[in-house]
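Chains Y and C supply the protein sequences, listed in that same order. The numbers in the numbering used here rise by one with no breaks, and the one at position 103 of the first sequence is 103. The numbers in the numbering used here rise by one with no breaks, and the one at position 51 of the second sequence is 51.
Simulated from the structure, these hints should not be mistaken for lab results. Treat the hints with care, as some may be off.
Partner residues are not named here, just some residues of chain Y that face chain C (Cβ under 10 Å, in silico) [stated by the list, open to error]:
(1) Y20
(2) L54
(3) P57
(4) D68
(5) P71
(6) A84
(7) L107
Pair by pair, the computed Cβ-Cβ distance ranges are [stated by the list, open to error]:
(8) Y:S109 x C:Y109: 24 to 34 Å
(9) Y:P36 x C:L158: 26 to 36 Å
(10) C:V131 x Y:A64: 26 to 36 Å
(11) Y:N66 x C:W102: 51 to 61 Å
(12) C:A121 x Y:V39: 19 to 29 Å
(13) Y:M1 x C:D128: 45 to 55 Å
Source: prediction; values computed, not measured. The beta carbon of each residue, even a glycine, is placed where N, CA and C say it ideally should be.
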Amino acid sequence: MTYSTGEIWGIIILMGIGTYLIRFSFLGIIGDRKMPDWVLRHLRYTPVAVLPGLVAPLVLWPDATNGDIDPARLVAAFVTLGFAWWRKSLLWGVFAGMTTVLTLQALLS
Amino acid sequence: MTSTTTKSAFRKGVIAGSPFFFVAAPFSMLFGVLATEAGLDLWQIMGFSIVVVAGSAQFTAIQLMTDDAPVWIVVAAALAVNLRMAMYSASLQPHLGRAKLWQRALIAYVNFDQSYAVSIAEYENQPDRPVSEKVAFFMGSVVVICPTWYVFTLVGALAGSTIPDAWALDFVMPVLFLSLVGPMLKTLAHVLAALTSIVVALLLSGLPSGVGLLLAAFAAMAVGAEVERRMGRP
Numbered sequence: 001m002t003y004s005t006g007e008i009w010g011i012i013i014l015m016g017i018g019t020y021l022i023r024f025s026f027l028g029i030i031g032d033r034k035m036p037d038w039v040l041r042h043l044r045y046t047p048v049a050v051l052p053g054l055v056a057p058l059v060l061w062p063d064a065t066n067g068d069i070d071p072a073r074l075v076a077a078f079v080t081l082g083f084a085w086w087r088k089s090l091l092w093g094v095f096a097g098m099t100t101v102l103t104l105q106a107l108l109s
Numbered sequence: 001m002t003s004t005t006t007k008s009a010f011r012k013g014v015i016a017g018s019p020f021f022f023v024a025a026p027f028s029m030l031f032g033v034l035a036t037e038a039g040l041d042l043w044q045i046m047g048f049s050i051v052v053v054a055g056s057a058q059f060t061a062i063q064l065m066t067d068d069a070p071v072w073i074v075v076a077a078a079l080a081v082n083l084r085m086a087m088y089s090a091s092l093q094p095h096l097g098r099a100k101l102w103q104r105a106l107i108a109y110v111n112f113d114q115s116y117a118v119s120i121a122e123y124e125n126q127p128d129r130p131v132s133e134k135v136a137f138f139m140g141s142v143v144v145i146c147p148t149w150y151v152f153t154l155v156g157a158l159a160g161s162t163i164p165d166a167w168a169l170d171f172v173m174p175v176l177f178l179s180l181v182g183p184m185l186k187t188l189a190h191v192l193a194a195l196t197s198i199v200v201a202l203l204l205s206g207l208p209s210g211v212g213l214l215l216a217a218f219a220a221m222a223v224g225a226e227v228e229r230r231m232g233r234p
């Protein structure tokens with residue numbers, strides 16, 4: 001990380017203002033006006049549109065192995081996703097994923 | 001906020017929101033740990049958790065900052081993760097739109113995934129409750145998780161530098177993101193949006209840090225919305 005202190009605070013404050021405005025957006029409007037359907041339809045997919053793309057290179061080309069594919073991490077990624085989906089739970093996913101990667105790393109090394 | 005019914009609505013909110021302690025505590029602690037590892041100082045880490053208060057976006061920012069992405073990319077990607085909250089805001093509006101401005105302004109600050117989920121469920125069960133009770137319920141639902149978020153970020157930040165490398169901490173971030181995504185894959189449209197995001201992000205990974213991700217996110221949103229439009233709302 002090579003940011004100046006000012007840049008880091010800039011990120012924090014811009015994210016804070018932006019997040020607040022997003023949260024306030026429609027609550028700020030008085031009355032019963034509704035948002036157009038096509039907007040809602042796009043907003044529904046924002047987290048599944050950003051997070052998988054963020055995570056894919058981290059899983060496939062981890063920094064810890066200098067970008068080489070690591071079987072332990074790859075398997076653990078699928079186990080994590082599967083568990084989180086099956087149990088509908090963040091914590092189950094993290095627990096299953098970290099247990100898998102640590103176990104496989106111990107076995108393979 | 002003095003009548004018995006508003007008090008009991010507040011209490012009901014506290015009860016509905018407190019189990020999320022078990023999500024917020026480890027999640028925010030992890031943020032403290034990973035942000036410390038990434039090189040932020042204590043004030044900056046607490047700044048994130050107090051000014052932004054949005055887990056997934058905070059982790060997204062830290063990940064992109066580790067890759068030295070340009071400032072505007074970090075902010076844009078993190079805010080894109082938070083765009084879903086505009087949807088929360090829109091769906092709360094019919095219930096809370098008539099509340100006082102300061103109440104709505106305060107609720108906007110604590111409009112998290114968890115408080116939104118329990119409150120909208122309550123409002124849909126009891127749509128005819130007065131606005132004051134609906135406001136009280138929402139406030140109650142964050143009484144536990146909001147301070148938990150601050151305090152456990154601090155705990156994580158203080159513990160951060162003492163954690164041994166053998167714990168594969170670099171992999172906690174991917175595992176966390178995948179665990180966030182898993183429960184969201186509710187329909188074919190969500191699954192196809194996620195796949196689009198992965199494929200486009202990998203194809204464009206040669207672009208400057210984060211640019212490919214933003215393009216992938218736009219493509220994935222369009223795919224999700226289009227699949228939903230063709231198949232009808234699930």
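Each hint, compared with the structure:
Satisfaction of the interface hint for Y:Y20 is found here, the shortest Cβ-Cβ separation to chain C being roughly 6 Å, below the 10 Å cut-off. A distance limit of 10 Å between C-beta atoms decides the matter here; for Y:L54 the minimum to chain C is near 6 Å, and the interface restraint holds. Because the smallest distance between the Cβ of Y:P57 and any Cβ of chain C comes to about 5 Å, under 10 Å, the interface hint for this residue holds. Because the beta carbon of Y:D68 sits about 14 Å from the nearest beta carbon in chain C, more than 10 Å, this interface hint is broken.
The criterion of a C-beta within 10 Å of any C-beta in chain C is not met by Y:P71, whose closest approach is roughly 13 Å, and the hint is violated. At a threshold of 10 Å, the smallest CB-CB gap from Y:A84 to chain C is about 3 Å, leaving the interface hint in force. Hint status for Y:L107 relative to chain C: violated, with the closest Cβ pair at about 14 Å, above 10 Å. Take Y:S109 and C:Y109: their Cβ atoms lie about 47 Å apart, and the range 24 to 34 Å is violated.
Checked against the hint of 26 to 36 Å, the C-beta distance between Y:P36 and C:L158 comes to roughly 47 Å, which is inconsistent with it. In this structure the supplied range 26 to 36 Å is violated for C:V131 paired with Y:A64, their Cβ-Cβ distance being about 52 Å. Taking 51 to 61 Å as the suggested C-beta distance range, the pair Y:N66 and C:W102 conforms, at roughly 53 Å. With their beta carbons about 23 Å apart, C:A121 and Y:V39 fall inside the hinted range of 19 to 29 Å.
The hinted range of 45 to 55 Å is satisfied by Y:M1 and C:D128, whose Cβ atoms lie roughly 52 Å apart.
In summary, the structure is inconsistent with hints 4, 5, 7, 8, 9 and 10 from the numbered list given earlier, while agreeing with the others.
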